[in-house]
Amino acid sequence: MTPDEKLKSLGLTLPPPPKPVASYVPCVRTGHLVFVSGQLPFKDGKLAFTGKVPTDVSIEQAAEAARLAALNALAILAEAASNLENVAQIVRVGVFINSADGFTDQPKVANGASDLFAEIFGDIGRHARAAVGVNELPLNAAVELELTAELAAWPGYFRLK
Amino acid sequence: MTPDEKLKSLGLTLPPPPKPVASYVPCVRTGHLVFVSGQLPFKDGKLAFTGKVPTDVSIEQAAEAARLAALNALAILAEAASNLENVAQIVRVGVFINSADGFTDQPKVANGASDLFAEIFGDIGRHARAAVGVNELPLNAAVELELTAELAAWPGYFRLK
Amino acid sequence: MTPDEKLKSLGLTLPPPPKPVASYVPCVRTGHLVFVSGQLPFKDGKLAFTGKVPTDVSIEQAAEAARLAALNALAILAEAASNLENVAQIVRVGVFINSADGFTDQPKVANGASDLFAEIFGDIGRHARAAVGVNELPLNAAVELELTAELAAWPGYFRLK
Numbered sequence: 003m004t005p006d007e008k009l010k011s012l013g014l015t016l017p018p019p020p021k022p023v024a025s026y027v028p029c030v031r032t033g034h035l036v037f038v039s040g041q042l043p044f045k046d047g048k049l050a051f052t053g054k055v056p057t058d059v060s061i062e063q064a065a066e067a068a069r070l071a072a073l074n075a076l077a078i079l080a081e082a083a084s085n086l087e088n089v090a091q092i093v094r095v096g097v098f099i100n101s102a103d104g105f106t107d108q109p110k111v112a113n114g115a116s117d118l119f120a121e122i123f124g125d126i127g128r129h130a131r132a133a134v135g136v137n138e139l140p141l142n143a144a145v146e147l148e149l150t151a152e153l154a155a156w157p158g159y160f161r162l163k
Numbered sequence: 003m004t005p006d007e008k009l010k011s012l013g014l015t016l017p018p019p020p021k022p023v024a025s026y027v028p029c030v031r032t033g034h035l036v037f038v039s040g041q042l043p044f045k046d047g048k049l050a051f052t053g054k055v056p057t058d059v060s061i062e063q064a065a066e067a068a069r070l071a072a073l074n075a076l077a078i079l080a081e082a083a084s085n086l087e088n089v090a091q092i093v094r095v096g097v098f099i100n101s102a103d104g105f106t107d108q109p110k111v112a113n114g115a116s117d118l119f120a121e122i123f124g125d126i127g128r129h130a131r132a133a134v135g136v137n138e139l140p141l142n143a144a145v146e147l148e149l150t151a152e153l154a155a156w157p158g159y160f161r162l163k
Numbered sequence: 003m004t005p006d007e008k009l010k011s012l013g014l015t016l017p018p019p020p021k022p023v024a025s026y027v028p029c030v031r032t033g034h035l036v037f038v039s040g041q042l043p044f045k046d047g048k049l050a051f052t053g054k055v056p057t058d059v060s061i062e063q064a065a066e067a068a069r070l071a072a073l074n075a076l077a078i079l080a081e082a083a084s085n086l087e088n089v090a091q092i093v094r095v096g097v098f099i100n101s102a103d104g105f106t107d108q109p110k111v112a113n114g115a116s117d118l119f120a121e122i123f124g125d126i127g128r129h130a131r132a133a134v135g136v137n138e139l140p141l142n143a144a145v146e147l148e149l150t151a152e153l154a155a156w157p158g159y160f161r162l163k
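Chains as they are written, first to last, in the working numbering: chain A, 3 to 163; chain B, 3 to 163; chain C, 3 to 163.
Only chain A is shown next, with the shape it has when bound in the complex (with noise of 0.2 Å):
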């Protein structure tokens, strides 16, 4: 299966990648690198889960938060790569969770991520993680996700304006 038909078996699809934000942007590629910006769950243009963990949000909801931030950048990064086919590797992973004191379980959390690439892309979704607690997040979203991935085509240098 292409990752775009594992996506639809799953009962998933992406999201209109968001708009720029401002003088950041969605993602930069550089070389085979595309660099995609911190990822809030975002559903339907709201956040979909706000507060900290497991006090506000259970660790379950919060790797379903992991997961709508990973589809959101998933969808960056399709349109980037024109092509999910075109990713080559899933990079790097990085994972910050909005912590309340004494939460020690982000990994738990983080795996809603890193579940879904993997199963999106199978081994070449298998990427390295950084994990960690925070105190706040932007908009007081329980989880935020970057990514960094490799891609196999050079459909020539593209970045989302």
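Keep in mind the hints are simulated off the structure, nothing from the lab.
Treat the hints with care, since some could be wrong.
Pairs count within a copy or across copies, as identical chains cannot be separated in the list.
Straight-line C-alpha distance at most 27 Å; calculated DSSO-like pairs for lysine-lysine [said to hold, decoys possible]:
| id | residue 1 | residue 2 |
| --- | --- | --- |
| 1 | Lys48 | Lys110 |
| 2 | Lys110 | Lys45 |
| 3 | Lys110 | Lys21 |
For chain A, the structure is supplied; the task is to place chains B and C on it using the hints.
Using the frame of chain A, we list chains B and C on its own:
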């Protein structure tokens, strides 16, 4: 206008790039990419903004701190690239903001840095970004900023000593 | 001295590289670069330093924790590079320090890792670095460290399984 002319028109001067701290260095070049170490809002050898946002440092001051850290990163980049005209792309900016409980406007703070890169470099200054809150930073700085950039020219493998 | 001889002279042995955790892997190689996942201060399969700095763990202990996490990252890098002599440059080190309120000496903690890289590799061990405080880390580890390195040799596209 060249980046240097643009800096001048903004009334800005690059500070002397910081000396190597110890076992780590201001930046490392690998292929086309330069990774700049985390920079604090130093001005004339003194940390200009310390404490948490927005309780000790206002959002506007914190944005100025981010701009200052960005200027220090540019000074390092300018030395690594021989000349800022050799910069092909600002690739990724990571901004860590010393956040008081309940502060969720990290993007407004990070814009202080992002806007500077766009002002100096135009389109190639627009970058991928991750901005997150943290509970503590080195020397109680209000902001720490790290940078990845792509160079166009290849003035030999170079690393600041 | 080769890096392996240097390790030996310091009385250090690389631990067995950690097994893949799940959907993420110990490291990913893309072109000349290897991205190593966030490492904790594991020793003989046990987390050696847990809690916040400096209340639960002293600065000196935390620096030792950073050194231990760096040693684990080196074990992964050694396997990815076939041999540490194939490492061309330690590029970037990210250090997250589990920080008690008011702790601002993150650089002293991170030096535990930075010094090790310089001891083992000399000049090519000197790296770009970002060291920040965070309020919580996985498994309550005192430190988490991630690493990007450049390889000189190309032993084929390789990724730890």
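The hints, checked one at a time:
1. When the C-alpha separation of Lys48 and Lys110 is checked against a cutoff of 27 Å, the pair qualifies both within a copy, at 24 Å, and between copies, at 19 Å.
2. For a Cα distance limit of 27 Å, the shortest separation of Lys110 from Lys45 qualifies both inside one copy, at 21 Å, and across copies, at 22 Å.
3. With identical chains, the CA atoms of Lys110 and Lys21 are at most 27 Å apart between copies only, with a shortest distance of 17 Å across copies and 30 Å within one.
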